[in-house]
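Numbering (our numbering), first residue to last: 3 to 229.
Among the clues, some could well be false.
What the hints assert, rightly or not - In the DSS-like style, the derived pairs of lysine-lysine whose C-alpha atoms are separated by at most 30 Å in a straight line are:
1. Lys83 / Lys65
2. Lys60 / Lys83
3. Lys83 / Lys70
4. Lys83 / Lys198
5. Lys60 / Lys70
What the hints assert, rightly or not - Restraint-style ranges between C-beta atoms, simulated for each label pair:
6. Thr128 / Arg21: 18 to 28 Å
7. Gly57 / Glu112: 31 to 41 Å
8. Arg197 / Leu84: 34 to 44 Å
9. Arg190 / Glu26: 30 to 40 Å
10. Pro61 / Arg167: 47 to 57 Å
11. Asp101 / Glu71: 37 to 47 Å
12. Leu213 / Asn69: 47 to 57 Å
13. Arg21 / Ala183: 30 to 40 Å
14. Pro61 / Leu202: 22 to 32 Å
15. Leu189 / Thr59: 28 to 38 Å
16. Glu26 / Leu202: 38 to 48 Å
17. Ser205 / Leu62: 49 to 59 Å
In case anyone wonders, no lab produced these hints; they're calculated from the structure.
Here the structure is a predicted model, which is why all the values come from computation and not from measurement.
Don't be surprised by glycine CBs; every beta carbon is placed ideally from N, CA and C.
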Amino acid sequence: MTSLRHRRRHTSSLPRRSRLPRAERERQTLEAAHALFAERGYAGVTMDDVADAVGVTKPLLYKYFGNKERLYLACMEPAGKLLTRTVVDAIAPTTTPADALRAGLLAFFEFLDTDRDAWRVLFDETLPVSGEVAQRVAEYRDRITELVATAVLSQLPPSGRVMDRSEVEALSAAVLGAAEALGRWWLRGEAISARKAAELLISTVEPGLRLRTRGGRSSDETPGKVI
3 MTSLRHRRRH
13 TSSLPRRSRL
23 PRAERERQTL
33 EAAHALFAER
43 GYAGVTMDDV
53 ADAVGVTKPL
63 LYKYFGNKER
73 LYLACMEPAG
83 KLLTRTVVDA
93 IAPTTTPADA
103 LRAGLLAFFE
113 FLDTDRDAWR
123 VLFDETLPVS
133 GEVAQRVAEY
143 RDRITELVAT
153 AVLSQLPPSG
163 RVMDRSEVEA
173 LSAAVLGAAE
183 ALGRWWLRGE
193 AISARKAAEL
203 LISTVEPGLR
213 LRTRGGRSSD
223 ETPGKVI
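Can you make the complete structure from the sequences, with help from the hints?
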């Protein structure tokens with residue numbers, strides 16, 4: 003039978019598990035939470051799930067992040083900033099509205115293809131429809147819409163401008179909505195490449211944008227046409 007003195011000596015020889023600095027523990031928590039949110043969606047993740055994944059207590063999570071909403075925002079913000087910067091960098095060198103649209107959509111789908119978890123977190127369909135999370139997600143989407151609209155508008159000739167800002171913003175919002183829907187479809191099966199999905203949307207929208215920005219009219223706007 004092992005003596006008490008021997009057990010104590012054996013225990014003291016084991017390496018002690020050092021406590022991680024708060025910054026490192028927060029980093030680990032965000033990585034685990036980000037992966038869970040991407041896999042299950044906001045509605046399918048609890049603070050208990052995150053605590054179990056990280057190996058910490060739930061009270062510690064609340065101490066670090068406050069609540070589930072704050073934790074989600076901490077995971078979402080890097081994705082929102084990265085997507086915004088990706089789109090901005092893509093449309094900056096363009097010189098025509100159609101080129102800006104094309105570059106923005108290609109960048110959007112490249113982001114989806116290279117960082118699918120970040121995209122899933124940012125465009126999560128299980129997010130609450132109100133509250134701080136919904137507000138911040140809407141802000142990122144509005145920001146991207148505004149960036150594309152501004153790029154398109156800045157490339158229209160000031161004199162005789164055929165589209166005003168409200169029309170350009172409406173078009174940008176519609177295109178972003180279509181890109182989100184197409185992105186979700188693509189993620190479900192990846193039946194085609196992400197770039198091909200982007201090209202499909204571009205080829206559908208681009209002719210109409212070129213027509214509008216050149217001052218042309220669609221068939222429904224032809225004078226004398228009965229609708």
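Given a hinted range of 30 to 40 Å, is it respected by the beta-carbon distance of Arg190 and Glu26?
Hint holds: Cβ distance 36 Å, inside 30 to 40 Å.
Indicate whether the distance between the beta carbons of Arg197 and Leu84 respects the range 34 to 44 Å.
19 Å Cβ-Cβ, so the 34 to 44 Å window is violated.
Distance restraint between Lys60 and Lys70, which requires alpha-carbon spacing of 30 Å or less
Measuring from Cα to Cα gives roughly 11 Å; hence the hint holds.
Taken at face value, is the distance from the CA of Lys65 to the CA of Lys83 at most 30 Å?
Holds, at roughly 25 Å.
Do Pro61 and Leu202 keep their Cβ atoms within the hinted range of 22 to 32 Å?
Roughly 49 Å apart at Cβ, these two residues miss the hinted range, so it is violated.
Going straight from one Cα to the other, do Lys83 and Lys70 come out at no more than 30 Å?
20 Å, holds
Assuming the hint says 30 to 40 Å, is it satisfied by the Cβ distance from Arg21 to Ala183 or not?
Roughly 46 Å apart at Cβ, these two residues miss the hinted range, so it is violated.
Falls inside 28 to 38 Å, the C-beta gap from Leu189 to Thr59?
At roughly 34 Å between Cβ atoms, Thr59 and Leu189 fall inside 28 to 38 Å, so the hint holds.
Using the C-beta atoms of Asp101 and Glu71, is the stated range 37 to 47 Å upheld?
39 Å, holds
Has the hinted range 31 to 41 Å been met by the Cβ atoms of Gly57 and Glu112?
Holds, at about 35 Å.
State, for the Cβ atoms of Ser205 and Leu62, whether the hinted interval 49 to 59 Å holds or is violated.
51 Å, holds
Holds or violated: are the alpha carbons of Lys83 and Lys198 at most 30 Å from each other?
25 Å, holds
In summary, the structure is inconsistent with hints 6, 8, 13 and 14 from the numbered list given earlier, while agreeing with the others.
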